[in-house]
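Here is how the chains run, residue by residue.
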Amino acid sequence: MPADIETIALAGNPNAGKTTLFNALTGANQQVGNYAGVTVERKSGEFFTPHGRKLRVVDLPGCYSLDGGSPDQQIARQVLLGEVEGELKPDLVVCMVDSSNLERHLVFALEVIELGMPVVIALNMVDVAEQAGIRLDPAKLAEELGVPVVPLQANAAKGIVELKQALRHPFPAVPDSAWKQGPAEQLAERRRSRVYQICEVAARRPDGHTSTVSDRLDRWLLHPVWGWVAFIGMMLLVFWSIFSFAEIPMGWIESLQGLLAEKVTASMPDGDLRGLLVDGIIGGVGSVVVFLPQILLLFFFIGLLESSGYMARAAFLMDGLMGKAGLSGKAFLPLFSSYACAIPGVMATRTIDSAKERLVTIFVAPWMSCSARLPVYLVLVPLLLGGQIGGLLQAAIFLGIYALGTVTALVVARLLRGKLGPDQVKQHFMLELPPYRAPQWSYVFRHIAGRGWSFLQKAGTLILAINILLWAAQTYPKSGSEDPAEQLAHSAMGRVGAVVEPLVSPLGLDGRTGTAILTSFAAREVFVSSMTQLFHVAEGETDEETWIALRKQLAAETWPDGRPMFTVPAVMALLVFFIYALQCLPTTAVVARESGSWKWAAGQFVFMSAFAWLAAFAVYQISSIFL
Amino acid sequence: MPLATAHDLQTDSLLSLSQAKVGCDFRIRFLNGPACEQLRQLGFCESLQVRKLADGRNLICTVCGTRLALSRELANQVMVTVA
Numbered sequence: 001m002p003a004d005i006e007t008i009a010l011a012g013n014p015n016a017g018k019t020t021l022f023n024a025l026t027g028a029n030q031q032v033g034n035y036a037g038v039t040v041e042r043k044s045g046e047f048f049t050p051h052g053r054k055l056r057v058v059d060l061p062g063c064y065s066l067d068g069g070s071p072d073q074q075i076a077r078q079v080l081l082g083e084v085e086g087e088l089k090p091d092l093v094v095c096m097v098d099s100s101n102l103e104r105h106l107v108f109a110l111e112v113i114e115l116g117m118p119v120v121i122a123l124n125m126v127d128v129a130e131q132a133g134i135r136l137d138p139a140k141l142a143e144e145l146g147v148p149v150v151p152l153q154a155n156a157a158k159g160i161v162e163l164k165q166a167l168r169h170p171f172p173a174v175p176d177s178a179w180k181q182g183p184a185e186q187l188a189e190r191r192r193s194r195v196y197q198i199c200e201v202a203a204r205r206p207d208g209h210t211s212t213v214s215d216r217l218d219r220w221l222l223h224p225v226w227g228w229v230a231f232i233g234m235m236l237l238v239f240w241s242i243f244s245f246a247e248i249p250m251g252w253i254e255s256l257q258g259l260l261a262e263k264v265t266a267s268m269p270d271g272d273l274r275g276l277l278v279d280g281i282i283g284g285v286g287s288v289v290v291f292l293p294q295i296l297l298l299f300f301f302i303g304l305l306e307s308s309g310y311m312a313r314a315a316f317l318m319d320g321l322m323g324k325a326g327l328s329g330k331a332f333l334p335l336f337s338s339y340a341c342a343i344p345g346v347m348a349t350r351t352i353d354s355a356k357e358r359l360v361t362i363f364v365a366p367w368m369s370c371s372a373r374l375p376v377y378l379v380l381v382p383l384l385l386g387g388q389i390g391g392l393l394q395a396a397i398f399l400g401i402y403a404l405g406t407v408t409a410l411v412v413a414r415l416l417r418g419k420l421g422p423d424q425v426k427q428h429f430m431l432e433l434p435p436y437r438a439p440q441w442s443y444v445f446r447h448i449a450g451r452g453w454s455f456l457q458k459a460g461t462l463i464l465a466i467n468i469l470l471w472a473a474q475t476y477p478k479s480g481s482e483d484p485a486e487q488l489a490h491s492a493m494g495r496v497g498a499v500v501e502p503l504v505s506p507l508g509l510d511g512r513t514g515t516a517i518l519t520s521f522a523a524r525e526v527f528v529s530s531m532t533q534l535f536h537v538a539e540g541e542t543d544e545e546t547w548i549a550l551r552k553q554l555a556a557e558t559w560p561d562g563r564p565m566f567t568v569p570a571v572m573a574l575l576v577f578f579i580y581a582l583q584c585l586p587t588t589a590v591v592a593r594e595s596g597s598w599k600w601a602a603g604q605f606v607f608m609s610a611f612a613w614l615a616a617f618a619v620y621q622i623s624s625i626f627l
Numbered sequence: 628m629p630l631a632t633a634h635d636l637q638t639d640s641l642l643s644l645s646q647a648k649v650g651c652d653f654r655i656r657f658l659n660g661p662a663c664e665q666l667r668q669l670g671f672c673e674s675l676q677v678r679k680l681a682d683g684r685n686l687i688c689t690v691c692g693t694r695l696a697l698s699r700e701l702a703n704q705v706m707v708t709v710a
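Chains as they are written, first to last, in our numbering: chain A, 1 to 627; chain B, 628 to 710.
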């Protein structure tokens, strides 16, 4: 970093809009959200002033005070004082304040001014303050504080040019902080009284409390009865749209994949390389990429709920229910996200304050039935109903499957939370309920694109590698037989299948199903394609047709002695196994990263696999007595 | 017996935010308890006006135009008088 570029630090309370301003200044795309604590690390970028001068800007995590003890607040303090190695002391601080909340935010601004370096106050969200009826006087404010004050609206990019103008040379003089004089222990008290003096003249609130739109909305959305009605309605709508809207683009991806496979098949001679390309790479990676639309839709809805401000309300509503499981309302969002995919769910646990609660939430998150389990359920559930599809009974079974995973997760969370013991510092439930705002569409869509891209990157690297390995295990060593089933039995995978047979036979399943389960440990959705291969089912034009053919084949399948193989107890055991087993390598990798311990991730994997097997065993053995 | 002073009367009329009535405006007199600092940082400072919006396991109130949800234990530590 060249020393002649001057550094500007962005500091302020949480949810003041620092990152939004950072993005507006540098054109970067850092994550923002309508809740406190989105930024947990410092980030830097560069921009030019209107005079063509290049400046470096550092975005600091939001903090309520420079004296605070939490790690992100310490980062802010160290950067401002130039105590971080490899980071120069900033030449100027832009202190971000929420103008609808000056009484709170100015206290921090005074602390920054006390540090004795040039300060510019960015008076953000002037539109929100105006709506709240606050009479702002930026000129008065600048006079009282002795520093330049720039009113702006960072999310609409208003006032950015004015701010850049204020950052020109020479930098504003270091303001004096008269309130600092006096005994140190009363400093906080003097700061507060100074803030009230300033607010009296520069930001007059309307007398009395006026009821805002957010107040009126909250009267319904946080109502003990109607709040729940609205919440459940919204969740149903989200799930329904994820599963119904996603089908259209999923169809496109599937036909594209089919087209690609056909092209490769037609243009290459039969051989191992073609097998690798068609079955291993196109089929394997395709079976995962097909979930991209669902994942994008889920992120769209989560982005919508977050940026509108509803997510904090949902956490508030769910706090009571989560409390019964030893968690707090903040665990709701991660668990909710896990219904689509446990990976973003596990990552979303970062907002939970208590470290132990966070670990517990990470531990149980994979039990929320994710979208990868859906193809498996769709194949297996009709087998319970004698091949019938649709109808109320099937919907009820699906609901039961989701409920079983969720209830078990909450019960285990409660037990585990009790085992880990109470927190060292007691955490109280405390949540800012931000005013409802219209979603920032550009941000929501950029965010979705980023997520989609990182998902595709993962599919192109980790999942690709796993699929190649799986394919190799299914192909080698060669048996010389044309029959794919015989080849599979001869291959490394088939031999492993023979080994696992004793493990799955207590669940009423044979070695082939055992092998399919084994392949699904890399990714659950692989189970369906493995079963198709293992039971000699001709692939249909669409997934639907393949599934119907597979179901027919499975229903007709018998043990060597003529008993039907996929009886109701066996299918139930298989379903229960899939509800509980942690068959997703990427999840385990993310858990290891987020919990900071491979032991925790490995323990979770072993516990869930053992639990799944025991539950499936119990279901099969007990239901066999009655059915 | 000395007569009650204005200060005593004011202390008598203190109540905690969790006891306060929903829909009314109050003024924060002082914070008392282990989570004081946490509350101050969130904006619960002496002499600020606070309105209680909802009661329950967690209660909702507004301070300086910010809506906050906080647990009863925290609300017990905020002493208010009628504004």
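Hints should not be assumed to be uniformly reliable.
As the list claims (entries may be wrong) - Computed beta-carbon distance windows for the label pairs:
| hint | chain 1 | residue 1 | chain 2 | residue 2 | range |
| --- | --- | --- | --- | --- | --- |
| 1 | B | R699 | A | Y196 | 58 to 68 Å |
| 2 | A | W220 | B | T708 | 23 to 33 Å |
| 3 | A | S609 | B | E700 | 35 to 45 Å |
| 4 | A | V84 | B | A710 | 54 to 64 Å |
| 5 | B | A710 | A | L420 | 13 to 23 Å |
| 6 | A | E185 | B | V709 | 23 to 33 Å |
As the list claims (entries may be wrong) - Computed list of chain A residues with no C-beta within reach of chain B, every gap over 10 Å:
| hint | residue |
| --- | --- |
| 7 | E185 |
| 8 | W226 |
| 9 | D270 |
Hints were generated in silico from the structure; no laboratory data involved. These figures come from a predicted structure and were not determined experimentally. By construction, the Cβ of each residue, glycine as well, lies at the ideal position given by its N, Cα and C atoms.
Query raised in the report: Can you give the numbers of the hints that this structure goes against, from lowest to highest?
Result: Hints 1, 4, 5 contradicted; others consistent.
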